[in-house]
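Sequence positions in the sequence shown follow the numbering used here and run 1 to 78.
Be careful, since some hints might not be right.
[Said to hold, decoys possible] Between beta-carbon pairs, the in silico distance windows are:
1) 28 <-> 68: 42 to 50 Å
2) 35 <-> 75: 25 to 33 Å
3) 45 <-> 12: 26 to 34 Å
4) 28 <-> 7: 25 to 33 Å
5) 12 <-> 52: 30 to 38 Å
6) 8 <-> 37: 40 to 48 Å
7) 34 <-> 12: 45 to 53 Å
8) 70 <-> 48: 26 to 34 Å
Because the hints were derived from the structure by calculation, they are not lab data. For glycine and all other residues, C-beta sits at the position ideal for the given N, C-alpha and C.
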Amino acid sequence: MLAEIDAEVLWLALIDAEWLALTEIDAEFWLLDAEAEALWLALIDADWLALAEIDAEFWLLDAEAEALWLALTDAEVL
Numbered sequence: 001m002l003a004e005i006d007a008e009v010l011w012l013a014l015i016d017a018e019w020l021a022l023t024e025i026d027a028e029f030w031l032l033d034a035e036a037e038a039l040w041l042a043l044i045d046a047d048w049l050a051l052a053e054i055d056a057e058f059w060l061l062d063a064e065a066e067a068l069w070l071a072l073t074d075a076e077v078l
């Protein structure tokens, strides 16, 4: 009877240890998943930022080209 109780206690301890290990693995998985998602969002933000900077640079160059064109046109008219 004592050996049976010890075996049951040991079995319950092993089950608890397995659940604890699974919980830790699950928590680690979700943490890694959250870190991967955060990295992905940071990369997307970086892409959008880079595209916005390229777009701003394009419009700046376009405005400079237009100003130069108008200056040349005005010079030809004069």
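These are the hints, each one checked on the structure:
1. Hint check: residue 28 to residue 68, Cβ distance near 59 Å, so the stated range 42 to 50 Å is violated.
2. Taken as a hint, the range 25 to 33 Å is violated for the pair residue 35 and residue 75, whose Cβ atoms sit roughly 59 Å apart.
3. Judged by the Cβ atoms, the range 26 to 34 Å given for residue 45 and residue 12 is violated: they are separated by roughly 48 Å.
4. Checked against the hint of 25 to 33 Å, the C-beta distance between residue 28 and residue 7 comes to roughly 31 Å, which is consistent with it.
5. For the hinted restraint 30 to 38 Å between residue 12 and residue 52, the CB-CB distance of approximately 59 Å leaves it violated.
6. For residue 8 and residue 37, the hinted distance range of 40 to 48 Å is satisfied, since their beta carbons lie about 43 Å from each other.
7. Our hint of 45 to 53 Å for residue 34 and residue 12 is violated, since their Cβ atoms are close to 32 Å apart.
8. Between residue 70 and residue 48 the beta carbon distance is about 32 Å. The supplied range of 26 to 34 Å therefore holds.
Checked against the numbered hints given earlier, this structure breaks hints 1, 2, 3, 5, 7; the rest are met.
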